[in-house]
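Chains A and B, in that order, give the protein sequences. The numbering of the first sequence is my numbering, which starts it at 1 and goes up by one. The numbering of the second sequence is my numbering, which starts it at 1 and goes up by one.
Hints are not guaranteed to be accurate.
What the hints assert, rightly or not - Here are the simulated BS3-like pairs of lysine-lysine, each with C-alpha atoms no more than 25 Å apart in a straight line: (1) Lys102(A) with Lys99(B); (2) Lys99(B) with Lys56(B); (3) Lys78(A) with Lys71(B); (4) Lys68(B) with Lys102(A); (5) Lys99(B) with Lys78(A); (6) Lys102(A) with Lys68(A); (7) Lys54(B) with Lys99(B); (8) Lys37(B) with Lys5(B); (9) Lys37(B) with Lys68(B); (10) Lys37(B) with Lys71(B); (11) Lys24(A) with Lys78(A); (12) Lys102(A) with Lys24(A); (13) Lys37(B) with Lys54(B); (14) Lys56(B) with Lys68(B); (15) Lys24(A) with Lys37(B); (16) Lys71(B) with Lys102(A); (17) Lys68(A) with Lys78(A); (18) Lys5(B) with Lys71(B); (19) Lys37(B) with Lys99(B); (20) Lys102(A) with Lys54(B); (21) Lys56(B) with Lys71(B); (22) Lys56(B) with Lys102(A); (23) Lys54(B) with Lys5(B); (24) Lys54(B) with Lys71(B); (25) Lys99(B) with Lys24(A); (26) Lys99(B) with Lys71(B); (27) Lys68(B) with Lys99(B); (28) Lys56(B) with Lys37(B); (29) Lys68(B) with Lys54(B); (30) Lys99(B) with Lys68(A); (31) Lys56(B) with Lys5(B); (32) Lys24(A) with Lys68(A); (33) Lys68(B) with Lys24(A).
Claimed, not checked - Far from chain B, some chain A residues (derived; all Cβ distances over 12 Å): (34) Arg9; (35) Glu14; (36) Met15; (37) Gly16; (38) Asn52; (39) Asp56; (40) Glu62.
I should point out that these hints are in silico values taken from the structure, not numbers from a laboratory. Where is the CB? At the ideal position from N, CA and C, for every residue including glycine.
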Amino acid sequence: DAGVIQSPRHEVTEMGQEVTLRCKPISGHNSLFWYRQTMMRGLELLIYFNNNVPIDDSGMPEDRFSAKMPNASFSTLKIQPSEPRDSAVYFCASSIGRLNEKLFFGSGTQLSVL
Amino acid sequence: DQQVKQNSPSLSVQEGRISILNCDYTNSMFDYFLWYKKYPAEGPTFLISISSIKDKNEDGRFTVFLNKSAKHLSLHIVPSQPGDSAVYFCAASRHGNEKLTFGTGTRLTIIP
Numbered sequence: 001d002a003g004v005i006q007s008p009r010h011e012v013t014e015m016g017q018e019v020t021l022r023c024k025p026i027s028g029h030n031s032l033f034w035y036r037q038t039m040m041r042g043l044e045l046l047i048y049f050n051n052n053v054p055i056d057d058s059g060m061p062e063d064r065f066s067a068k069m070p071n072a073s074f075s076t077l078k079i080q081p082s083e084p085r086d087s088a089v090y091f092c093a094s095s096i097g098r099l100n101e102k103l104f105f106g107s108g109t110q111l112s113v114l
Numbered sequence: 001d002q003q004v005k006q007n008s009p010s011l012s013v014q015e016g017r018i019s020i021l022n023c024d025y026t027n028s029m030f031d032y033f034l035w036y037k038k039y040p041a042e043g044p045t046f047l048i049s050i051s052s053i054k055d056k057n058e059d060g061r062f063t064v065f066l067n068k069s070a071k072h073l074s075l076h077i078v079p080s081q082p083g084d085s086a087v088y089f090c091a092a093s094r095h096g097n098e099k100l101t102f103g104t105g106t107r108l109t110i111i112p
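So that you can see chain A by itself, here it is in the shape it has in the complex (with noise of 0.2 Å):
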């Protein structure tokens, strides 16, 4: 299996644009996060969706940022306008969705806004 596939691996925008970064989960999971990782918070839980309806977006920071799983095999989280302190590592990663199933992550996106 191909694992967690994310894209792009690097961006680098300025501030005010749009950015969009995309996930494919591992084929068979139906279960899919979005992390942040920061310095200063470390990993941060931004949104999850279970087969594809999002159950807990309490993470997800303001209304700048926007996540949607339109099939099981794809997921978008989209920041609308951008700016610096948005810049970090984002994480997708995915899972079978039981209680305690370990979760797989992709390589991450490293955004950078200047």
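Position chain B relative to chain A; hints supplied.
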């Protein structure tokens, strides 16, 4: 509010010695705990887990200890090897909820 805390941002250990990484949590509802390992430019990968019904779980060179009364867990690596150099994240979840809450991570460096 950081519910899972890793107070040591970094740790250096001689090769062959024991590495001990610590983690504290504040939410008494947490009952399942995991450790993830992360290499540069890669996503975290699962290392070992423990349920609150146990106080120890062992997998090869890796052992996790859980002290529920102190809300503390630790990861022991014996013996430490150069390939163990990575960032280690502690994570916790509540019964019935698959959402994981992570700590800030500890960077472990194994000195040859």
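Now for the hints, and whether the structure bears them out:
1. Lys102(A) with Lys99(B): holds (10 Å)
2. Lys99(B) with Lys56(B): holds (23 Å)
3. Lys78(A) with Lys71(B): Violated - the C-alpha atoms of Lys71(B) and Lys78(A) are around 36 Å apart, more than 25 Å.
4. Lys68(B) with Lys102(A): holds (21 Å)
5. Lys99(B) with Lys78(A): At roughly 21 Å apart (the allowed maximum being 25 Å), Lys78(A) and Lys99(B) satisfy the hint.
6. Lys102(A) with Lys68(A): Answer holds: Lys102(A) to Lys68(A) is near 22 Å, not above 25 Å.
7. Lys54(B) with Lys99(B): holds (21 Å)
8. Lys37(B) with Lys5(B): OK: Lys37(B) and Lys5(B) at ~16 Å, within 25 Å.
9. Lys37(B) with Lys68(B): holds (23 Å)
10. Lys37(B) with Lys71(B): The hint holds at about 21 Å.
11. Lys24(A) with Lys78(A): holds (15 Å)
12. Lys102(A) with Lys24(A): holds (17 Å)
13. Lys37(B) with Lys54(B): Judged against 25 Å, a Cα distance of about 22 Å means the pair holds.
14. Lys56(B) with Lys68(B): holds (11 Å)
15. Lys24(A) with Lys37(B): holds (22 Å)
16. Lys71(B) with Lys102(A): holds (21 Å)
17. Lys68(A) with Lys78(A): The given pair, whose Cα atoms are some 9 Å apart, holds under the 25 Å limit.
18. Lys5(B) with Lys71(B): holds (11 Å)
19. Lys37(B) with Lys99(B): Measuring from Cα to Cα gives roughly 18 Å; hence the hint holds.
20. Lys102(A) with Lys54(B): holds (18 Å)
21. Lys56(B) with Lys71(B): holds (14 Å)
22. Lys56(B) with Lys102(A): holds (18 Å)
23. Lys54(B) with Lys5(B): Holds, at about 21 Å.
24. Lys54(B) with Lys71(B): holds (13 Å)
25. Lys99(B) with Lys24(A): Within the cut-off at roughly 19 Å; holds.
26. Lys99(B) with Lys71(B): holds (19 Å)
27. Lys68(B) with Lys99(B): holds (20 Å)
28. Lys56(B) with Lys37(B): Given pair Lys56(B), Lys37(B) holds - Cα atoms ~19 Å apart, limit 25 Å.
29. Lys68(B) with Lys54(B): holds (10 Å)
30. Lys99(B) with Lys68(A): holds (18 Å)
31. Lys56(B) with Lys5(B): holds (20 Å)
32. Lys24(A) with Lys68(A): holds (12 Å)
33. Lys68(B) with Lys24(A): Distance of about 37 Å is beyond 25 Å: violated.
34. Arg9: At roughly 8 Å from the nearest Cβ of chain B, Arg9(A) sits no farther out than 12 Å, so the non-interface label is violated.
35. Glu14: holds (24 Å)
36. Met15: At roughly 25 Å from the nearest Cβ of chain B, Met15(A) sits farther out than 12 Å, so the non-interface label holds.
37. Gly16: For Gly16(A), whose nearest Cβ neighbour in chain B is about 28 Å away, the distance exceeds 12 Å, so it holds.
38. Asn52: Given that every Cβ of chain B is farther than 12 Å from that of Asn52(A), nearest at about 15 Å, it holds.
39. Asp56: Incorrect as stated: the minimum Cβ-Cβ distance to chain B is 6 Å, not above 12 Å.
40. Glu62: holds (18 Å)
In summary, the structure is inconsistent with hints 3, 33, 34 and 39 from the numbered list given earlier, while agreeing with the others.
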